[in-house]
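Construct the entire structure; sequences and hints are all you get.
The residues making up each chain are set out below.
Number of protein chains: 4
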Amino acid sequence: MKAIVYHGKHDFRYENTPDPKLEGESDAIVRVARTAICGSDLHLWHGGLPEGIGASGGFAVGHEFLGVVEETGRGVRGFKKGDRVLASCTVGCGDCAMCRRGMYSGCVTMTKGGGASGVFGFSTGLPGGQAEAVRVPFSDTNLFRVPDALSDEQALFLTDILPTGYMGAEMAEVGPGDTVVVFGCGPVGTFAQMCALLRGAARVIAVDLDDQRLARAAKLGCETVNSSKENLGERVLEATHGLGADATIEAVGRADLITQAAMITRPGGRIAVIGVLTEATATLPWFLLFMKNLSLRTGLVNPQNFIPKLLPLIENGRLDPTVIVSHRLPLSDGPRGYDVFANHKENVLKVVLQP
Amino acid sequence: MKAIVYHGKHDFRYENTPDPKLEGESDAIVRVARTAICGSDLHLWHGGLPEGIGASGGFAVGHEFLGVVEETGRGVRGFKKGDRVLASCTVGCGDCAMCRRGMYSGCVTMTKGGGASGVFGFSTGLPGGQAEAVRVPFSDTNLFRVPDALSDEQALFLTDILPTGYMGAEMAEVGPGDTVVVFGCGPVGTFAQMCALLRGAARVIAVDLDDQRLARAAKLGCETVNSSKENLGERVLEATHGLGADATIEAVGRADLITQAAMITRPGGRIAVIGVLTEATATLPWFLLFMKNLSLRTGLVNPQNFIPKLLPLIENGRLDPTVIVSHRLPLSDGPRGYDVFANHKENVLKVVLQP
Amino acid sequence: MKAIVYHGKHDFRYENTPDPKLEGESDAIVRVARTAICGSDLHLWHGGLPEGIGASGGFAVGHEFLGVVEETGRGVRGFKKGDRVLASCTVGCGDCAMCRRGMYSGCVTMTKGGGASGVFGFSTGLPGGQAEAVRVPFSDTNLFRVPDALSDEQALFLTDILPTGYMGAEMAEVGPGDTVVVFGCGPVGTFAQMCALLRGAARVIAVDLDDQRLARAAKLGCETVNSSKENLGERVLEATHGLGADATIEAVGRADLITQAAMITRPGGRIAVIGVLTEATATLPWFLLFMKNLSLRTGLVNPQNFIPKLLPLIENGRLDPTVIVSHRLPLSDGPRGYDVFANHKENVLKVVLQP
Amino acid sequence: MKAIVYHGKHDFRYENTPDPKLEGESDAIVRVARTAICGSDLHLWHGGLPEGIGASGGFAVGHEFLGVVEETGRGVRGFKKGDRVLASCTVGCGDCAMCRRGMYSGCVTMTKGGGASGVFGFSTGLPGGQAEAVRVPFSDTNLFRVPDALSDEQALFLTDILPTGYMGAEMAEVGPGDTVVVFGCGPVGTFAQMCALLRGAARVIAVDLDDQRLARAAKLGCETVNSSKENLGERVLEATHGLGADATIEAVGRADLITQAAMITRPGGRIAVIGVLTEATATLPWFLLFMKNLSLRTGLVNPQNFIPKLLPLIENGRLDPTVIVSHRLPLSDGPRGYDVFANHKENVLKVVLQP
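Chains as they are written, first to last, in my numbering: chain A, 9 to 363; chain B, 9 to 363; chain C, 9 to 363; chain D, 9 to 363.
No wet-lab data here; the hints were simulated from the structure.
Since the model is a prediction, treat every value here as computed from it, not as a measurement.
Any given hint might turn out to be false.
Repeated chains share a single entry, so a pair holds when one copy, or any two copies, can fit it.
Dumping the calculated SDA-like pairs for lysine to any residue here, alpha-carbon to alpha-carbon at most 25 Å [claimed, not checked]:
no., residue 1, residue 2
1, K317, G250
2, K227, K317
3, K17, M299
4, K227, G325
5, K317, G183
6, K120, P293
7, K317, R108
8, K120, D91
9, K120, P155
10, K10, K89
Structure, rendered in structure tokens:
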């Protein structure tokens, strides 16, 4: 089959790769209908992988995909050929002590090899979804049925970034009446803003450097701050009678923004970091966190926990995830999609690919 | 001063009553700008009070009011003459073991006399707000400043019924993605519907017998069921893939609707009863509650806990409480307002009075 | 094989019954090592079943059992022949919308037939564990491994009544510093008392009519009230500076005790009912529940949710469930065990049977 | 009056200082019966204060004290001369937006001056309790009555470090069945261990370098690890089937222990830092926090929130805070107490002073 295959830094190719096959009794093969490029795919694109991967060892990338079940292992109970499904980007076995606690991203079974974690498209063990077909392990746990009434694009982002945005709002404990600051108006930041409003925030202040992205946030009901032109701290203090934001969500992935978050969040407030930092360590303003009793949370998303909440919101028209789609390309144009997305060309927000 | 004074069943009169005076160091006198008639005032109207109240012992009724501080006791720290304020309908001392837990309605100080509880307008000890002026005890605890930007009507319902509606959604633990049924489209039911949506419900099914009220609910974003014409149970099962509602809010005050709630709520769901039942006891379908692991909550509202969440939502245009106002009358027309409200005349929803 | 077989009211017989066989791919057959008689088995003993069951249609009763896996279906991932396991009394498929929410007792798959719910030993469809062997459906969801270090009796009550007692403390939201009243010092009441202390209650007041049971509660760290000799209300008010208990757990199964609970619980307090009422309806003191903002919860236990918390507490010696065992009988003496337990003979507390 | 007065680094003197006087209507003067030296007093002792304080500008230090009300301002409602009371170390006005949320340590009123925060004994504005008497502002909010049945030493640590230890267990969301690691067996670490057990932890692993302190932890029911002799990581993995601790509490105040905490805590686990770091910033293992979905919380204690929970536990014998007292000295020996405590002499754990 055809797929976008990893060959190293800045070298993703549309080419032939072996067809996926059932390996375990709980596996399913999904024929992909739509897939998307995620910001975390760019970490691979920009940085390559630390360990060397042989020329012939390329694997399909991508972890956001949706399609139709083509084949199922004998142990699969909930799905059959022809079912329209989406996959969680994070794969868990469903039975281990971590999965039973909803921590699929820490699945004992998937991480046992010691190698790559259970996210599609980052290793040869779990090839990705920017491909014509994908093998999904433990499919009763990791696949979710797509209601007929939803279009592919309405459902696609349930695989990762809509749950990620929601997780940000949940980790920041956003609740009715809160003032919430969201750093970043990219796809994940946009979803965090929408989910903060959905959870009853009184006001969401969206921060970015790009006026076009800010204009989009304004349309969704946010106040906006272009932090290259305005003083964010002053705006937040003004908005909150001098107290600071109840909650701040970092959706960019820069350690200095965590420090900024600590400065603009009120005593007792909550900070969630859903942007992915590229450095292994971060230096934080500890004394400030201490004096202000701030809580700080981060983590990989486990879409399995959020899909049951988010799906009915899409079905009933209360969330429209399609607002972020800026590019629709054939899968064969995937390499160009990466170039556009990585280099912020063509006013890109989110690239969807179709095999 | 003038006030609506209680004289017995169906006998509320607009007449002179003694001016309120400071009695304790924490008291404030509030000159009333707007006040409203509440469904629970009708319990007094219809039923009278159990204990006999002498002809000369009339007291001003009403517990929803807003105005301007006229005078404060020496112990009042947070308010001064001229401040625009609203009062919580439930009065607590702020210092006792119950108030410290946020249970102002169980205030040990206010209930010590053993007599009436600490709600305005039900006794000579705590005359009400359908009057030109009111004495507010423990004013640092029970008064809240009204921001300049808000009109009187925008703020007025924070005194009781907007917090009551919100409390219903909170007691029913309404959260993102839930399907919520609300019995009743009166003022409290309407606010419960708005607050369920605000907390992220995927769908709110509003139930009533009155098509005009249902039409109003539909405008707010609810689905509607006229239970005299449609089968509510079928509608709910259909809407929820056969499971039942996640949460049900009773905002009418009928024991049989609690039984209906138990039938249409899914296993593990939550029922909140914010309608006030007139009977002392209620017969409930216990085996059903047991087999379905349902939780059941009820109670008097403590607006003090909810105003800080709700006020910024009104300020930022995310909640518009004025949608329920159907009648605006001078205070002198209060007795007519009671007649209209009690007898569902003139398509009434909520009556606001102005001294 | 041999089992205790249901033949009607007061007619449980130790006799031959067909060996269990694998029916589904997720089934396991468990050879029983220990089983116990539960208070809810007595409902069957006393009342029989509403619908007629033919003479030849008898089924094995009992839902508390532990043993060794003898055979597994092809779809079973987590268990194999020889594993020492206990089963949850409530059976869920693990995949449906209710099971995914932890509401195994409302499992859509198990209740689909419309017949009996998914509890062992109440129907021919799901024969019970007072038998030499049992078929366990969806065994990856409903079986739990027993650590080698635990004796059979230490682990046995994880199948139902230890989680039930814990659920009572959780439903009543027992937390550090609380004063908790527990009605009933039977097996479930005893576990509720232990779990209330475990969750940090400052004091647990155990209520019963039987001084021997009360003495046992006192040894566990409870204060005790013999409600036939002392005034419970006075004791509670005295213990709580006149406020009432923070939480009350009913572990007897009498509607009048729910009313008593409402009287002795403080405003804003919580009532959990884990005793099983035999009547379909219960008349509750609604006005009192309303004026005191009480929450009321009841339900079937889902041990799957509690075993991961409770098992390490037993392993580390912080909970000793064996304190309740008063009788150890061979399975063949099961019918006598029922007579002893049902008629409160021989100072019985809990009867354990061994095949 | 006499007090321990700050004169600079390592220069605390027992000397005359002006008697406290009522300054505001809500003030109370408390005659001190017992006071104690806290680990955070040592920050002052070791580091001095950043800004220069004149020779004559010395102030009484100390923020843990208990005594008898001597005089009250006119606005004080809840206390009168002769009442036995303890004071919260953190002072809040009780009325501002922060205090109403329970964030007394972020009190808008107390921090308005911009100067020192509202903790006793760190500035001339709010002299401390290692003195014969102290002025307590907003006394209705910050004083708590001591029950007659409690000794001074039983109640003393409610002023700060028992709530701090409890806060650590709460911030780490310790619950029934958890495995909890506590770094540090000093006074605060000891209380964190006791509170983790109280909240139902299955096992608490106490870590320190001092075998005598570890022996004390063992007596309280902890497992112990001397991290200079044993491999903590291995011990934790062994104890948790390879998963890691559910919760870790840092009660030492070293940034490198936060990194260790991240290594030994399981995916989805919680880290609370109640040790006070002396550096303004801390470098944290961000990628690890991210990959493991860890939450991180820190902050100043607000004893007002915890005293109502903890007091009944002491009254009922479920918590004994006196176990930490190693030294009882007259107030005049305070400077020697500091030397002993700061330099770990005489196997010191906690120094109590008596004026």
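Outcome of the hint check:
With identical chains, the CA atoms of K317 and G250 are at most 25 Å apart between copies only, with a shortest distance of 17 Å across copies and 35 Å within one. Taking identical chains as interchangeable, the C-alpha atoms of K227 and K317 lie at most 25 Å apart whether they share a chain (24 Å) or sit on different chains (24 Å). Taking the shortest alpha-carbon separations for K17 and M299, only the inter-copy value of 22 Å comes in at or below 25 Å, while the best intra-copy value is 43 Å. Both within a single protomer and between protomers do K227 and G325 lie at most 25 Å apart by alpha-carbon distance, with minima of 16 Å and 15 Å respectively.
Taking identical chains as interchangeable, the C-alpha atoms of K317 and G183 lie at most 25 Å apart whether they share a chain (16 Å) or sit on different chains (9 Å). For a Cα distance limit of 25 Å, the shortest separation of K120 from P293 across copies, 22 Å, qualifies, whereas the shortest one inside one copy, 35 Å, does not. For a Cα distance limit of 25 Å, the shortest separation of K317 from R108 qualifies both inside one copy, at 18 Å, and across copies, at 12 Å. Proximity of K120 to D91 under the C-alpha cut-off of 25 Å is restricted to the inter-copy arrangement: shortest distance 22 Å between copies versus 30 Å within a copy.
For the homomeric pair K120 and P155, the shortest alpha-carbon distance between copies (21 Å) is at most 25 Å, but the shortest distance inside one copy (34 Å) is not. For a Cα distance limit of 25 Å, the shortest separation of K10 from K89 inside one copy, 21 Å, qualifies, whereas the shortest one across copies, 43 Å, does not.
In the structure shown, no violation is registered for any of the earlier numbered hints.
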